[in-house]
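Which chain is which? The protein sequence lines are A and B, in order.
If you use the numbering used here, the first sequence closes out at 360, no skipped numbers anywhere.
If you use the numbering used here, the second sequence closes out at 343, no skipped numbers anywhere.
It should be emphasised that the hints constitute simulated quantities derived from the structure, not laboratory data.
Note that beta-carbon positions come from the ideal geometry of N, C-alpha and C, so glycine has one too.
You may find that some hints are simply not true.
To be verified - Straight-line C-alpha distance at most 27 Å; calculated DSS-like pairs for lysine-lysine:
#1 K224(A) x K213(B)
#2 K19(B) x K306(A)
#3 K213(B) x K177(A)
#4 K306(A) x K177(A)
#5 K213(B) x K305(A)
#6 K213(B) x K233(A)
#7 K19(B) x K213(B)
#8 K227(A) x K213(B)
#9 K177(A) x K19(B)
#10 K306(A) x K213(B)
#11 K305(A) x K19(B)
#12 K305(A) x K177(A)
#13 K213(B) x K230(A)
As the list claims (entries may be wrong) - Not close to chain A: a few residues of chain B, all C-beta gaps over 10 Å, as computed:
#14 F43
#15 A100
#16 R199
#17 L207
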Amino acid sequence: MSHPILEVQQLNKSFGGVIATDNVDMRVTQGEIHALIGPNGAGKTTLISQLSGLLTPDSGEIIFQGKTITGLPAYEFCRAGLARSFQITSVFQEMSLLDNVAMAVQARSGHSFKFWKNAKKEKLLREPALQYLEQVGLAERCNWLASEVSHGERRQLEIAMALATEPQMLLLDEPMAGMGREESAQLISTLNGLKKDKTLLLVEHDMDAVFALADTITVLVYGRVVASGEPDSIRNNEQVRQAYLGEDDN
Amino acid sequence: MPEATIGKQHTAVKWISIVMITALAVIPFGLYLAGNAFWLDIFTRLVILAIAACGLNLILGLGGLVSFGHAAYIGLGAYAVGIPVYHSTYGGMDAIASYNGFVHLGLAMAVCALFALVTGIISLRTRGVNFIMITMAFGQMMFYAIVSLETYGGDDGLTIDLRSEFPLITLDNPVTLYIVCYLSLLALVFLLHRISHSRFGLILQGAKFNEERMGAIGVNCYRYQLTAFVLSGLICGYAGFLLGNFTTFISPEMMDWTRSGEIMFMVILGGAAALWGPVIGAVIFIVLEFVLSEITIYWHLYFGLLLIFSVLFMRGGVSGALSRWFNSSRSSGTQRQA
Numbered sequence: 111m112s113h114p115i116l117e118v119q120q121l122n123k124s125f126g127g128v129i130a131t132d133n134v135d136m137r138v139t140q141g142e143i144h145a146l147i148g149p150n151g152a153g154k155t156t157l158i159s160q161l162s163g164l165l166t167p168d169s170g171e172i173i174f175q176g177k178t179i180t181g182l183p184a185y186e187f188c189r190a191g192l193a194r195s196f197q198i199t200s201v202f203q204e205m206s207l208l209d210n211v212a213m214a215v216q217a218r219s220g221h222s223f224k225f226w227k228n229a230k231k232e233k234l235l236r237e238p239a240l241q242y243l244e245q246v247g248l249a250e251r252c253n254w255l256a257s258e259v260s261h262g263e264r265r266q267l268e269i270a271m272a273l274a275t276e277p278q279m280l281l282l283d284e285p286m287a288g289m290g291r292e293e294s295a296q297l298i299s300t301l302n303g304l305k306k307d308k309t310l311l312l313v314e315h316d317m318d319a320v321f322a323l324a325d326t327i328t329v330l331v332y333g334r335v336v337a338s339g340e341p342d343s344i345r346n347n348e349q350v351r352q353a354y355l356g357e358d359d360n
Numbered sequence: 006m007p008e009a010t011i012g013k014q015h016t017a018v019k020w021i022s023i024v025m026i027t028a029l030a031v032i033p034f035g036l037y038l039a040g041n042a043f044w045l046d047i048f049t050r051l052v053i054l055a056i057a058a059c060g061l062n063l064i065l066g067l068g069g070l071v072s073f074g075h076a077a078y079i080g081l082g083a084y085a086v087g088i089p090v091y092h093s094t095y096g097g098m099d100a101i102a103s104y105n106g107f108v109h110l111g112l113a114m115a116v117c118a119l120f121a122l123v124t125g126i127i128s129l130r131t132r133g134v135n136f137i138m139i140t141m142a143f144g145q146m147m148f149y150a151i152v153s154l155e156t157y158g159g160d161d162g163l164t165i166d167l168r169s170e171f172p173l174i175t176l177d178n179p180v181t182l183y184i185v186c187y188l189s190l191l192a193l194v195f196l197l198h199r200i201s202h203s204r205f206g207l208i209l210q211g212a213k214f215n216e217e218r219m220g221a222i223g224v225n226c227y228r229y230q231l232t233a234f235v236l237s238g239l240i241c242g243y244a245g246f247l248l249g250n251f252t253t254f255i256s257p258e259m260m261d262w263t264r265s266g267e268i269m270f271m272v273i274l275g276g277a278a279a280l281w282g283p284v285i286g287a288v289i290f291i292v293l294e295f296v297l298s299e300i301t302i303y304w305h306l307y308f309g310l311l312l313i314f315s316v317l318f319m320r321g322g323v324s325g326a327l328s329r330w331f332n333s334s335r336s337s338g339t340q341r342q343a
């Protein structure tokens, strides 16, 4: 086994009396696609939010590439190389797709205390942005407003924006939610293409997608990790079947 | 505005720019030459208020942060003229006593930058209604601080005996003063135009639309918003500097929260985030103030009604309505621009 790129140790988070993350330990290996699954309310999004700095855990450590990043603000997580996409699409609706991605390119290319030059004409921002759109198959629509394209295309845009920050690792929160079969298939191939140089942590409900993509699967139930391992071992795990697959009638 | 393409907006802005630049040059001088010197005063005040409104628009329109304390900067800018002049005339405070315009301007900028920085650091930790309230509170704090300065007239205010002195430029001449204000406004609008398309401007707008997303792509919005807040304060301070020189009478009343409300009125009515929006708002404000106050002493009531109307029925204020009208009247066959 190679070195873990992300290590989560004894993570805890509760809201009032509800324990959303219960002593979670997790290791994500460099270069793998790691899927995080679990029934509704298992605390997947809460965990992802902690892993991207939007929520601060009550206790525990998040170690990314050997650096403890627990408690840092969200923008520091991104700068460390850990980018995320959102479950509820979060893009700039009033901007064109190209402007959306160019914003992300700009974010990683130094400070933005530049007051004079027209940033919408900067090749340094526009060209890489177009490449990322190409990577997710949206180059043709680059001048459409984000509010004008389909839901599935906005999900792709999310991923292009995350990619544009040049992360080592991507956290994808239900990237296929609300997508048609064809769009899902395209996204699966996009994600497979990323596998070469990115590590992916994927939260997903679509079991076909999970078993098609994942190298490792971690199962979360009521905020606790009940199993973690290769897809085959998860498929045959009695505890998982009971807690999740059986109930969900999948 | 999904239907509005970038190309169309450009032509709309271009036409509005031409009209505004021409009107603000031709009308006051035309009236002045026709013997109505009084109108030059009205226009001078209009242009100064427009500068202040543009300043507020940097943080309100571009940054989406509703600051309710911007009259404080106008007051500070005006007192930065009045106080040095007072001490040059009556002695004391040798460090700042001066008739020199550069001293006044420098002092105005320094004080406004400092006040904006200190209050911005605190205010920008909040959002929404809290941000409105805290900026208003800081504004009122400054208002009462000035009221308590008995030396400078306290509540009653202070007459500025001599205007700021600049080499070659005599602000005592109303025509010169208007030209200075007019050129300042043009320069400012151009500067804001550049900023809104710059990297800095894009970050501000991104933070307005979706701050969480900005964080997720690695941007620390706070630094940029604070910079915009200070810039915005500086612009209003400059407007105050001009206003002091124009009215030659300053009082705490000019930094009351109702004054902040008036500037905000101009921005919202004219169209926040639109380049000429605040200027259009200032024009409407002055016209209405002039016309309505002739008819009734309760003219503020009609102001309020108009503001409610525009918020409910005119998205993007008057300039929003203008550019929609402009777009629809210029055929619909335009293609999506590459």
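Hint check:
1. K224(A) x K213(B): holds (18 Å)
2. K19(B) x K306(A): violated (49 Å)
3. K213(B) x K177(A): Cα-Cα ~32 Å, so violated.
4. K306(A) x K177(A): Holds, because 23 Å separates the two Cα atoms, which is no more than 27 Å.
5. K213(B) x K305(A): The hint is violated at about 34 Å.
6. K213(B) x K233(A): holds (25 Å)
7. K19(B) x K213(B): Status holds; Cα separation ~25 Å.
8. K227(A) x K213(B): Distance of about 21 Å is within 27 Å: holds.
9. K177(A) x K19(B): violated (52 Å)
10. K306(A) x K213(B): Violated, at about 36 Å.
11. K305(A) x K19(B): violated (48 Å)
12. K305(A) x K177(A): holds (23 Å)
13. K213(B) x K230(A): holds (18 Å)
14. F43: Correct as stated: the minimum Cβ-Cβ distance to chain A is 39 Å, above 10 Å.
15. A100: holds (32 Å)
16. R199: Answer for R199(B): violated, closest chain A Cβ roughly 5 Å.
17. L207: violated (5 Å)
Of the numbered hints stated above, those contradicted by the structure are hints 2, 3, 5, 9, 10, 11, 16 and 17, listed in ascending order.
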